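Chemist: Each chain, written out:
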Amino acid sequence: MHLSPDQIIFWQLGFFKLNATIVYTWGLMLVLVIGSKLITRKLSTELQRSRWQNLLEIIVTGMNQQISEVGLKRPEKYLGFLGTLFLFVASASLFTIVPGYEPPTGSLSTTAALAICVFVAVPLFGIEESGLLQYLKAYTRPTIIMLPFNIISEFSRTLALAVRLFGNMMSGTLILAILLTITPFIFPIAMSALGLLTGMVQAYIFSILATVYIAAATRARKTEPEPKPENNNNHVNQKRINHG
Amino acid sequence: MDSMTIIAIISIITAGLTMAIGSIGPAFGEARAVSSALTALAQQPDASATITRTLFVGLAMVESVAIYCFVVSMILIFANPFWNHVIAQVAGK
Chain A
1 MHLSPDQIIF
11 WQLGFFKLNA
21 TIVYTWGLML
31 VLVIGSKLIT
41 RKLSTELQRS
51 RWQNLLEIIV
61 TGMNQQISEV
71 GLKRPEKYLG
81 FLGTLFLFVA
91 SASLFTIVPG
101 YEPPTGSLST
111 TAALAICVFV
121 AVPLFGIEES
131 GLLQYLKAYT
141 RPTIIMLPFN
151 IISEFSRTLA
161 LAVRLFGNMM
171 SGTLILAILL
181 TITPFIFPIA
191 MSALGLLTGM
201 VQAYIFSILA
211 TVYIAAATRA
221 RKTEPEPKPE
231 NNNNHVNQKR
241 INHG
Chain B
1 MDSMTIIAII
11 SIITAGLTMA
21 IGSIGPAFGE
31 ARAVSSALTA
41 LAQQPDASAT
51 ITRTLFVGLA
61 MVESVAIYCF
71 VVSMILIFAN
81 PFWNHVIAQV
91 AGK
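Just so you know, the protein sequences line up as chains A and B, in that order.
Residue numbering for the first sequence follows the working numbering, starting at 1 and increasing by one per position.
Residue numbering for the second sequence follows the working numbering, starting at 1 and increasing by one per position.
Be a bit skeptical, because a hint or two may be false.
[Stated by the list, open to error] Dumping the calculated SDA-like pairs for lysine to any residue here, alpha-carbon to alpha-carbon at most 20 Å:
id: 1; chain 1: A; residue 1: 73; chain 2: B; residue 2: 35
id: 2; chain 1: A; residue 1: 73; chain 2: B; residue 2: 81
id: 3; chain 1: A; residue 1: 37; chain 2: A; residue 2: 54
id: 4; chain 1: A; residue 1: 73; chain 2: A; residue 2: 88
id: 5; chain 1: A; residue 1: 73; chain 2: B; residue 2: 54
Calculated directly from the structure, the hints in this document are not laboratory data.
No experiment lies behind these values; they were computed from the predicted model shown.
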């Protein structure tokens, strides 16, 4: 029994190993790139359009809507990064219906790479939005005492992103492998259907968490603590009315 | 008992305990979160999109604790570093 697709090695030349993770990642990249190229080659704005175009439009508008609901004002700017994350993780778990396929997200290397992408992208988007100094100032936001905790949380949430996705995908394949030895016929099918659902939910969670982190980094400037005089005025007015 | 047997026994028992104890807390937490979210959904069906999204993000946060426990117990069973160390020592002798 193997814990991750890293241990399946197709071809080896000295130090260079071609394991299942790399091969299936390349396969997924090919499918995604060629698929979207084929679909977007003949886009139509007519009433009559292909099913694939409809599918792609549903996905893109859905992601746009989700991103803007989290609080990012211009979702088109972030759609490239977040949409790619979502599509990769979602298709990685969706292709488990193909026999012989192992999801590359079931390897800690892939999920760590994805999490490091988020770890790098969050400060980049934040600096681009509000400038280097303002972004760095956000780390000392409530008080200066919170500085180390903010930095620690930056690293720990990256670790959490990687381990969460890895644990979910790995547990899916592992449970299937264990069940195949105990109850071979019907039950693994139900569990693999559950695994498809879990994979979709994990893809959603991974991309929505990345969105939330980016939104928090870019919004840092706008949430300046400012005194609210209106409340006091209202209070005074109420008192006056009461007195009157 | 030699040291290999002790390591094997302790790793297996600890893996089981990790899963057992480590899944109780997240299970209670997720149950509370889902029941509150259902109440909120029943009271305000209009806000279902926001409630569902927040619920999913929160559940992911809670669930990651259980996932950590799962990963630790899997490491203890399938990729135990102490076990590998002892095997390497035995093979070296």
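Chemist: Hint by hint, say whether it matches the structure.
Modeler: Each hint tested on the structure:
no., hint, in the structure
1, A:73 - B:35, "32 Å, violated"
2, A:73 - B:81, "48 Å, violated"
3, A:37 - A:54, "15 Å, holds"
4, A:73 - A:88, "24 Å, violated"
5, A:73 - B:54, "19 Å, holds"
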